[in-house]
Amino acid sequence: MKYQIIFTLNNEKVQHEVEANKTLLKMLREDFDLTGAKEGCGQGECGACTILVNGKPVNSCLMLAVEADGKEIVTIEGLSDGEKLDELQKTFITNGALQCGYCTPGMIMTAKGLLKENPTPTVDEVKVAMSGNLCRCTGYKRIIEAIMEVVENNKN
Amino acid sequence: MVKYVGKSITRVDGTKKVTGDLKYVDDIKMPGMLYAAVKRSIYPHAKIIKIDTSKADALTGVKAVTTGKDFPKRVGLYLADKTFMAVDKVRYCGEAVAAVAAVTEEIAREAVKLIEVEYEELPVVENVLDAMKEDSPLVHPDLGDYKHIPIFHTMPGTNISEHFKLRKGDVDKAFEDSDLVFESDFYVPHIQHCPIENHVAIAQIDREGIITVWASCQSPYAVRAALTDAFEVPAHKLRVISPSVGGGFGAKAGTTLEGIIIPLAMKTKGKPVKLTYSREDEFNNSYVRQAMHSKFKTGVMKDGRIIAVKNQFAWDGGAYTEYGVNIAKSAGFGAVGPYDVANIHCDSYAVYTNNPVGGPYRGFGMSEIHFGIEQNMDYIAEKLGIDPIELRRINAQKPGGRTATNAVVDDACGLLECMDKVIKDIDYYTPSEQPKEPYKVRAKGFACGMKAPSMPNNAASSALIRINEDGTAYLSVSAQDIGQGSDTALIQIAAEILSIPPEKFTINTGDTAHNPYEWQTVASRITYSVGNAIIKACEDIKQQLVQLASIKLGIFPRDLKLEDECIMSTIYPDKKIPIKELALGLNMPDGSGVHGPIMGRGIFVPENIRNFDMNTGLADNPVVFWTYGCYGVELEVDMETGNIRILQVASCFDVGKAINPDLVKAQSEGAIVQGIGSALFEEIIMKNGKFMNPSFMDYKIPTSNDMPEMKVSFVENPQKDGPFGARGMAEPAMIPAAPAIVSAFYNATGVKINELPLTPERVIKALKGKNN
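Chains as they are written, first to last, in our numbering: chain A, 5 to 160; chain B, 16 to 787.
The shape of chain B in the complex, shown without the other chains:
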C-alpha cells in the first residue's frame, strides 16, 4: 500500500517562499561585486564595421569591457549558430555587441553609452514566409559551416536551418480517394514567457581559474555544457549554481546572459560580475515563443474519417535557432495532433529572420500547431454535419492505433476518457445560458491536445541518496524546482520506497559541483526521468540495508523487507532493525566495522528511444511517451466592445499517475490561465524589426481578474516505464487552451478567426467583416 505517493502533501518549499527567506540570484550580494551592462544593437540586421570602446574603458569605475571578438566560437544546443555577443554582424534589434563591468550599475550604464559602434545596415528579413523565398537576404550565409546534431537537416544557402519531413502513406492517392478536401491557414504570433523573475547571473573566476556561475536557470548542466564549449574550459573548472528559479516556462532552459558575463569576469581579477535583465531585456533578449504560419490540406470521408493530411509549419526562429530547430522537428512528430491519420505529408521548417531569438516555451511547438489542427476539426465537423466531439472520437489515436510517425499508440492513451470527463464537467451539450444584455453572447467550445517530451534520445538523469546517522536523508539531484513542485514530488517518490517520511528528507539541487548529472529541467520529463533515477537509488540503498540487516539479524535477505523505517523479517515482524542503526554500516561484536555509510546511486536513461528515418520522418519509438488531454471552455463575447471573458474552463489529462494530485492540479490551473493569455492578449508587436511592446503595460498577461472558474481533473492510465506509472503533464496542460477558446468564440459568433490573439480590435474587425 502506498503511503506518500498519490497524496497531496504540502509543498516542501512553502515557508521560505512566503517569508522572503529564499534567496534568488538577484538577492545575492558579494564583496567587491561589479555590475554589468550591455551595449545592444539598434538595428535588426547590420554589419559591424567598428566598435570603439576607448571612452568606456577610460571612465572611472569601469573594470572591464568586452566585445564579441573576444570569443568568436559558435555554440548551440542542437545547432552551433550563435555567439553570446555579435561578432561581425548583428541579426536582431537588441543583440549584444559589447558589455561593461563597473563598480555600480549607474557607471556601467553610463559606460555603455560611451561605446561607439559603426554599422552598415543590411536588408531586414522580417517575415518568415518571405524569409523562405529563394531571393531573400540571408541571415546566416555561413549556415553550411555550422556544426549540428545529425538528425537535423539544414539548408545552406537559404534561411532554413531545419527542414523536418514526414512522409507517411500515399497522400496524393488518399486525396483522390477523399470525399471532401479542406484547406486552411493559421498564424500564431511571437509571445514571451514572462516569468516574474527576469534573467540574472553572476560570474566569478578565482586564482585557480575556477569559474563559478550563479544563474537563474532551469538546466545547470546544459548551461555548463554550453559555457565549457564556448570558453574552452574543462567541466570540473566551471561550476553552475542555481539556488532558485523565479519561473522558467522554457525561457531559462538555454544559456544566454551567462555567456556575456564570463568574458567580463575574466578581466576583473576575482571580482564577481552580476548582470540582471530589466523587464525590457527579458522580453527582447531572452527567448520568445516563435511565431508560426501553418497550412493544412485535409482529405476526409463522409463518415468523418480523416484519411489524408498535407501540412506545412513555418517557424519564425528569429536570429538564432540553436534551440528552435528542435521545435520544428517536434512539431513534425505531432503533425496531426492526437489523431490517427494513415497518409501524412508534413514539412516543418525552422527559419531564420531578423526577429528576436525563438526558443522553448511551455508546449514546445504543440500549442502552436494545435491552434490550427483543432480549429480544422471544428470546420470539418461543421461541413460534414457531424458533431465536433464525435468527429474527434472517430479519428482519435486509440491504443493499438498509429501516431503521426507510425509508432503504435500505447495502451495507456486515455484521450477518450479525458474527453468524457471534460464534456461532463463543462456540461458541453447544454447550451449556455444567455446574458440579459442583448449585445453579449455566450457559448462553449472544445479542443484536444497532446505532447511528448522533446529531447535527445539519451537524455539522462541521476540521483544520489545519503542516509544520515539518525535515519534522515539527503536527496541530491539536478532537477530544478522552477515552481512546478518537483522538490516535493521527488521527495515523495524517495519517501515511498525507503519508507522514510517526507519531512525527514532534504533535497539538494542546483549545483553542478555537488549534485549529479541531469540533462535539463524541460519537456515535462522531470517526474518521469528523475523519478526513475530516484527509484533506482532507493533500490540500491534497500539492497545495502538488507545485506547488513541479514548479517545483524541472521535472516536470509530473501526473508527481509523494508517497512516503517526498518528492515524487518517477513515472517517474524518483531525481528527488525531501524534504518538509522544501519546508516553508517554495522558494528560487529569485536568492535570492527562493516560496509560503512549507506549511499544510494541511481541512474536512468530511457530505453530504446531511437532516431527517425531521415527521409520519411517515420519512427517506431521516437519519444518516451505522449500525454493526451482536452479542454472545454465557456466564454462570453461583448459584441460592442470586442471583449471576451472566459467564464469557465474544464480540463483533463492522462497523467499516468499523479504523484501529488494537488501539484498536478496546480499545474493545470496555471496552464489554463497562461493559455488564456496566449489566446486573448499576448502578442509581440514587431515593426521594422523592432520590438514595440516590451513592457507589462503594452504586453498584457492575465491577472487575477481574468481567472475563470476552473474544473481541473486527470485520469490515470499508468505509464509502463514511469515511476509509479507517472508521465509528464505540466506542458500538455496548456496546449488545448487557445483552440478551445477560439472554438467557443466561433460557436458564440459564427465568426472564424485564424490568428491569435483575440484582442478586442481583432474581434471587432472580424465581427464587422461578417456583417458586411
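The shape of chain A in the complex, shown without the other chains:
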C-alpha cells in the first residue's frame, strides 16, 4: 500500500508516493538519489543516517517515510548552496575532521541541528550532543574542534 505525502525536501516542496513500511532513509536514498545519508547500522545506533526534520537531527533509519508528510527535511545535500559550502562543512575540511568520510554527513547534520538550537554550546555540550554519531577513524578530536570553530564564530 502506498501513501501520498507532501513535504519540503532541501527547500523544495515535493509530492511523493511511498510504501507504508519504507524508512525515510530508504526513501531519500532510493527514490530521491540523496545518498549522502548512510546506513551504518539500521538501528539508530550509529548516526550515519542523520538528517534534519523540522530543524532537529533525526536518525532517518528509524523514521518511516510517511511520517515526513508535512515536515521540512534537510539532508547533507541541502546544506551547501552549489559550490558555496556551509560553515560547518568548511571547518570540517580545514580542521581535518574527516577520514573515510562515511560518518561525515551524519556528523555535520547532528552538529547543524545542535547549533540551530544552541549556537554557542560548551565543548562538553558538543561532546554529549555528538555522542550518538559514531566515528571509527578520527578519534573525534578534530570533529569537536571543527564544531567549536563555528561556535567561536557564532560568539562574535
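Hints were generated in silico from the structure; no laboratory data involved.
Backbone N, C-alpha and C define an ideal beta-carbon position, used for all residues, glycine too.
The reader is advised that the hints may include incorrect statements.
As the list claims (entries may be wrong) - SDA-like, lysine to any residue: derived pairs with alpha carbons at most 25 Å apart:
hint : chain 1 : residue 1 : chain 2 : residue 2
1    : A       : 30        : B       : 42
2    : B       : 38        : A       : 48
3    : B       : 567       : B       : 616
4    : B       : 18        : A       : 30
Said to hold, decoys possible - Simulated DEER-style distance windows between Cβ atoms:
hint : chain 1 : residue 1 : chain 2 : residue 2 : range
5    : A       : 128       : B       : 451       : 17 to 25 Å
6    : B       : 779       : A       : 66        : 45 to 53 Å
7    : A       : 132       : B       : 784       : 27 to 35 Å
Chain B: place on chain A using the hints.
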C-alpha cells in the same frame, strides 16, 4: 628545500566527503540491479546433509540461487582453506550456505527463508586452548591437502594451521643463570573492526564474460587474485573497482562477500547483483580480531636485564585462517616487543575453532602480544624495585642491538627519544592530582610498542604519472585511501619531486582495469612502498623532460634542473622551459614531433627482504622496518561503579619523516580512541559458538564522550629506504593503548587484570577480589 613534503596541506578529498557527493559502493544504483541475500548456518559446526532450494527458486522475483557446491575450490591468501560458501560442512555460526538474487531485497530475504538445509551437528570447538589438545574434534580434517605458502608450518591431523617457532640462544641455560624467573598468562578477546561502512559489493558479468566487481575493499588487486583463483577466470576478464572505502582497519583487506555474488551474477544474464552487509553481518561474517592466550616465562638479572623469554601465543583463528596464519607468524617476529633479549623460545600457533573468522585488524597481532609483554615489564619492575621506565630503557632495542629474530636494530630506532617525549608530555613522574570524591582514584601508566609491516617479501607497488598538456598531472596508483589520507600524502610526494603544486594533481585509484599493480593497502606500508614507486615514476618523467629540454635549449642534460614547473639551466636561470611546453613532446622547427607525451613509470619492491630459517625462525632481514613508539596515559577509576575514564593520553612514534604532519597526528588520534575501545569496552561475547552481541547497542565502541585529552607527537629518524625517510605509523600508533591503560589502572588500584576489556563488571570483580 622541500616545498610540499613535511607540510600539513589540507586533505584533497574533503569537499566530496562533507557534501555527500562521494559515492560509496552502497550508493551505486544500476539499471536492472538485483539484490542478494544469504542463507547462513545456524550451527557453529555441522555437516550439511541436504540443501533444498526448490521453493526459493520458485518464488516470483527470484533470479538466481546458488550454493557452495557450485564452486568448491578452496582459496586463501596464505593458506587455501576456504570456500566462499560452505560446501560439505559449516564451521561457524553464520557461515554462508546458499545465496539468492532477486528483484528486491525483500524478495531475496523471503527466498532465503524458503531454503531448507538439513544439518547433522558436530561437536563444537569453542576454546582455542581446548582446540590445541590432541583429542579435540577437528575443524579441518583435510588440512594436510590444503595448499599454502611454504613459509607456513601447518600441522595436519590437529587444529593448528600454523606453528611459528622462534629459537634464539639457549633459553634453558639462561633461565638457570637468571636471578629471578617470572611467569604470567594473559588473554585478549575477539573484537571487531567496526568500520562505519559495512561490507558491500556488486558483481556484473557482460556478454563477453567480463566480470566487474564494485567492492568496498582495501586491496583491489588482492581481491582480483582471490576471485580469479576461485572462479578460474583470466585476470584481464575480472575488473575490481573500489570507488571509495568507508573505513577498513583490516576488515576489508581480504575477499569475502565478493565471492558470494559472482556465482549469482553468472546466472543473471548481465544484471548486476548487489550484496550489502547489515551491521550484524559485519560483526559476525566479515572478519574479527582473533582472541589470543599468551603465556610468558621471563628470566631477569637483578640489575634489570632480561636474559631469557619463553612464551606461547595461541591465536583463536576461527573457522578459516587463510589470513590468520600470517598474524601468528608476525607475532613470532615481534615475540618480545621492543626489547633486546638474547635467548628466546617462542611458539606462536594459529588454531582453528568454530568461532567467527579471524583476520587482519589494525596492529596485526602486535596489540594483542604487547598487552602481555608490557604488563610483564611492569610486574618485573615492581618485583625488582626498578622504575618501570628505567627497566624499559635498560632492555630497549637500540641501534646496533638485536631484534627477536636476531636482525641488527636499525640506526633509526627512536624508541628512547619517543619515551623521553611522552614522559614529558604526560608529566609521568608527577603523581596525579586526586579528585575530591574519596571513591575515585587517578593514576598514570606507560607502555611501549612496535610493529613491522607483515607482508610477503616481494610485496610490490607501482605508479604511473601522466603529464597533461597544460602542465597538470594524473597520478595513478592502486593504493586505497581508506581514510588514512594516502591520496593527499602520495600527491605531496609527486608534487615535491616534479615541482608541480598538489592542486594540479588528480589521483586515480581503485580500478584494476586502469591503475597499476599494488599488493595491498595494509600493513602501514602505503606511504613507504607506493611513495617509493611514485618517486621512481617522477624520476622517469624528470629524465624525459630533461632530455627534451636539452634539445630545445641546447644545454647539456647535466646542466639542467627541474624547479618551479620548469626545466631550467643550473647556470643561467633565465634559460628555461615550462613543463607544459614539453608535456606532449617537442615540436621541431620543421614541424616534426619528437618523443610524444610525457608519462612516468615507477615500480618498487623492497630490496633483500629474505625468508626466515624454518627451524629457528631467525632472520637477518625479514621485514622492511620496525616502527617504535609509546603511550603515557592518565585515568580515573570509580571504585564504586567500576567505570574508568581516560583523562589524557600522550603518544609518540618514530615515523621516519612525516610527509603530512597533520595526517600523521590524525592517525595517532584515531588510534588512541580505537585503542581505548579495545581496552575498556570491546569484546565479542561467544556462547555455544554463537555471537551474542553483534550490534552497537551490545558492543560499545568509543563515542565523542569517551575522548580523552590527546597530546600526539612524533620523532623523525629517517628510514634509509623510505620516501623522504618516511616509514609506516598508522597501525603502530594503536599498539601500546591497552597495556598503558591497564598499567595506569594497576597504578591507581594495585589490582592486576590480565584480561581485556576493563568493563565495569570486570573492574568491580577484580577490586572485590583484592579486598577479600
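Hint by hint, here is what the structure shows:
no.	hint	verdict
1	A:30 to B:42	holds, 11 Å
2	B:38 to A:48	holds, 22 Å
3	B:567 to B:616	holds, 23 Å
4	B:18 to A:30	violated, 46 Å
5	A:128 to B:451: 17 to 25 Å	holds, 18 Å
6	B:779 to A:66: 45 to 53 Å	violated, 33 Å
7	A:132 to B:784: 27 to 35 Å	holds, 34 Å
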